[in-house]
Amino acid sequence: MRRAFHAGLWACAALAVAFLLLPVLAIFLRVTPTTLVGELNDRVVLDALVVTAKTNAIAIVLLLVVGTPAAYLLASTRFRGRALVLTLIELPLVLPPAVAGIGLLAAFGRAGLLGSSLDVLGVALPFSQAAVVLAVLFVASPFYLRTAVAAFESVDRDLIDAARTLRAGPARTFALVALPVASAGLGAGAALAFARGIGEFGATIMFAGSVRGATQTLPLAIYAQFDQNFDVALAIGALLVVVSAVLLLLLKLRLPWARSASISPFGAVRSTSR
Amino acid sequence: MGPLRLDLTVRRRSFDVALALALERETVALVGPSGAGKSTVLRAVAGLVQARGRVSAAGETWLDSEHGVDLAPERRSVGMVFQEYALFPHLSVRRNVEFGRKGQAGLLERLGLAALADAKPRELSGGERQRVALARALAPDPAVLLLDEPLAALDAHTRAEIRGELQLLLRNAERPTLVVSHDFEDAATLATRVGVLVEGRLRQLGSPAELVASPADPFVASLTGANVLRGRARATITGLTELELPTGELIRSTDRAEGDAVAIVYPWEVTLSRTEPDDSAQNHIGGIVASLVPVGNRVRARVGPLTAEITADSSERLGLRVGGPAVASFKATATRLLSQSGDDYPPKPPSL
Numbered sequence: 001m002r003r004a005f006h007a008g009l010w011a012c013a014a015l016a017v018a019f020l021l022l023p024v025l026a027i028f029l030r031v032t033p034t035t036l037v038g039e040l041n042d043r044v045v046l047d048a049l050v051v052t053a054k055t056n057a058i059a060i061v062l063l064l065v066v067g068t069p070a071a072y073l074l075a076s077t078r079f080r081g082r083a084l085v086l087t088l089i090e091l092p093l094v095l096p097p098a099v100a101g102i103g104l105l106a107a108f109g110r111a112g113l114l115g116s117s118l119d120v121l122g123v124a125l126p127f128s129q130a131a132v133v134l135a136v137l138f139v140a141s142p143f144y145l146r147t148a149v150a151a152f153e154s155v156d157r158d159l160i161d162a163a164r165t166l167r168a169g170p171a172r173t174f175a176l177v178a179l180p181v182a183s184a185g186l187g188a189g190a191a192l193a194f195a196r197g198i199g200e201f202g203a204t205i206m207f208a209g210s211v212r213g214a215t216q217t218l219p220l221a222i223y224a225q226f227d228q229n230f231d232v233a234l235a236i237g238a239l240l241v242v243v244s245a246v247l248l249l250l251l252k253l254r255l256p257w258a259r260s261a262s263i264s265p266f267g268a269v270r271s272t273s274r
Numbered sequence: 001m002g003p004l005r006l007d008l009t010v011r012r013r014s015f016d017v018a019l020a021l022a023l024e025r026e027t028v029a030l031v032g033p034s035g036a037g038k039s040t041v042l043r044a045v046a047g048l049v050q051a052r053g054r055v056s057a058a059g060e061t062w063l064d065s066e067h068g069v070d071l072a073p074e075r076r077s078v079g080m081v082f083q084e085y086a087l088f089p090h091l092s093v094r095r096n097v098e099f100g101r102k103g104q105a106g107l108l109e110r111l112g113l114a115a116l117a118d119a120k121p122r123e124l125s126g127g128e129r130q131r132v133a134l135a136r137a138l139a140p141d142p143a144v145l146l147l148d149e150p151l152a153a154l155d156a157h158t159r160a161e162i163r164g165e166l167q168l169l170l171r172n173a174e175r176p177t178l179v180v181s182h183d184f185e186d187a188a189t190l191a192t193r194v195g196v197l198v199e200g201r202l203r204q205l206g207s208p209a210e211l212v213a214s215p216a217d218p219f220v221a222s223l224t225g226a227n228v229l230r231g232r233a234r235a236t237i238t239g240l241t242e243l244e245l246p247t248g249e250l251i252r253s254t255d256r257a258e259g260d261a262v263a264i265v266y267p268w269e270v271t272l273s274r275t276e277p278d279d280s281a282q283n284h285i286g287g288i289v290a291s292l293v294p295v296g297n298r299v300r301a302r303v304g305p306l307t308a309e310i311t312a313d314s315s316e317r318l319g320l321r322v323g324g325p326a327v328a329s330f331k332a333t334a335t336r337l338l339s340q341s342g343d344d345y346p347p348k349p350p351s352l
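Read top to bottom, the protein sequences are chains B and Z. Position one of the first sequence corresponds to residue 1 (this note's numbering), numbered consecutively onward. Position one of the second sequence corresponds to residue 1 (this note's numbering), numbered consecutively onward.
No lab work stands behind these hints: they were computed from the structure. Glycine residues also receive a C-beta, built at the ideal position from the N, C-alpha and C atoms. There's no promise every hint is true.
[Stated by the list, open to error] To give an idea of the interface, some chain Z residues facing chain B are shown, with a C-beta separation under 7 Å as derived from the structure: (1) A46; (2) P73; (3) E74; (4) A86.
All chains, please: the whole structure from these sequences, using the hints.
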């Protein structure tokens with residue numbers, strides 16, 4: 001009975017792992033690696049790569065610049081409705097991407113909530129590269145914000161107080177103590193957000209469209225190519241798998257930037273030289 | 001540096017902390033049970049918690065709620081040592097110490113930290129961390145020094161040594177210094193005056209010797225390490241007072257008291273023997289040895305309701321063992337009596 005139970009557990013685990021790995025492996029097994037690399041030279045792929053890199057870079061910078069102070073405030077201040085705000089910023093996590101796309105159109109589209117005001121300013125967001133950035137920001141922000149809030153919350157309150165008694169005002173305390181001590185968590189959050197951002201598909205295709213060289217990111221290029229040139233689609237898929245795997249590995253291994261700020265590479269050198 | 005004057009109230013969930021104190025260039029320790037509001041006082045002086053009242057130091061007003069003065073922590077000249085030291089984990093010893101003010105090579109040297117200047121806090125021992133925390137607090141030359149349980153994070157065997165170091169350092173600190181501790185011995189070593197804080201109120205303030213010689217109440221007595229025995233007192237024709245314990249035993253004292261009272265006997269006034277001795281001591285209490293705890297070259301023995309402190313040598317000579325019989329003796333002249341009208345003595349046995 002016990003043996004049968006254990007065999008059952010192992011069988012379920014094996015089935016789950018196999019099911020999750022098979023599609024990923026299939027990408028690499030269908031065509032030879034040389035073909036895969038060759039297909040990456042395709043114009044479509046290069047265009048999509050540039051669009052993806054550019055839009056995600058802008059999105060991540062915006063996210064860090066605005067999201068980090070916002071997370072610090074949410075982590076260090078108690079105010080009425082704080083729990084509600086924390087829940088609301090996680091909403092995009094559970095929102096279907098199609099809803100995100102339609103929501104962005106309803107807000108920033110020509111006929112949308114802010115559309116006419118943007119029109120006056122001569123800005124037309126939908127189907128522009130800026131729209132890609134907005135779509136990426138919308139779906140990726142919660143990943144960064146919630147990790148960053150948790151990272152700031154775990155900074156020992158005494159460290160902040162110590163900085164204050166050492167003549168540092170709130171801004172200096174944030175820059176010199178809270179930020180570096182929380183940097184490990186912030187790095188992890190940024191990596192998660194980046195991973196989500198480069199894979200963004202649903203909201204982008206609805207809000208920004210799939211215009212080659214302008215709004216067609218790598219995931220959109222896969223979709224555009226898979227009935228035209230399946231090998232190109234596979235090659236892009238392989239590329240995204242590699243990038244995602246590297247990000248996952250960075251998170252798991254906590255490479256230097258993702259490591260606790262209290263652990264410096266010099267520490268290891270010191271202790272071995274003793 | 002000028003004196004530190006404080007007269008403040010901090011609202012807390014269970015009770016208010018209210019304290020008035022004036023410190024010259026001296027070290028005052030606040031002792032009391034955990035949760036008595038000791039750390040709250042330090043934080044209020046530093047401006048880290050909201051308080052009402054007045055705080056001034058070195059002729060500068062930091063807090064005056066009547067006139068709307070409440071300086072932010074960074075504008076008060078305090079150096080604070082936190083209980084777990086709160087060293088910045090991402091900065092080297094040097095950069096920790098120089099966080100408040102640059103150019104501290106001399107201070108690092110003086111505190112024996114020069115060789116550790118490039119180390120990170122996690123590479124340091126407990127004692128070293130404490131020294132870094134002290135150096136960091138002293139670096140900006142603050143008007144007031146605040147230390148929150150500076151010895152609590154240390155293990156027992158480094159503690160005595162560090163306490164000695166700290167005592168020397170505080171003696172030379174030359175500024176009003178407020179130390180918080182839950183341990184009377186630590187407080188008595190570090191401070192010239194000790195204040196006993198219970199539930200946010202000062203029970204007694206005096207030199208360590210004064211607190212030991214005439215504790216204001218049983219709680220202060222037990223905090224200073226005394227045996228506290230409750231009973232009913234009545235005068236006898238011999239001129240001594242007899243205190244009848246709930247167990248029926250009688251304790252004689254040269255002090256006067258009537259009715260509900262407590263007897264206070266210090267462990268070092270209690271002698272131990274195997275059988276009841278024929279000596280001048282008026283008080284003999286027989287019992288079973290409940291525990292024997294070595295403290296350095298001494299042994300603290302618990303016999304019946306009493307703790308006795310004897311030399312390790314004597315303990316060995318008597319062949320004392322846990323579970324064995326012993327008689328505790330102490331003189332009527334070494335037995336203080338405190339009348340007890342109300343009952344504000346928390347039922348807490350003296351710590352072993």
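Status of the hints after comparison with the structure:
no.	hint	result
1	A46	holds (5 Å)
2	P73	holds (4 Å)
3	E74	holds (5 Å)
4	A86	holds (4 Å)
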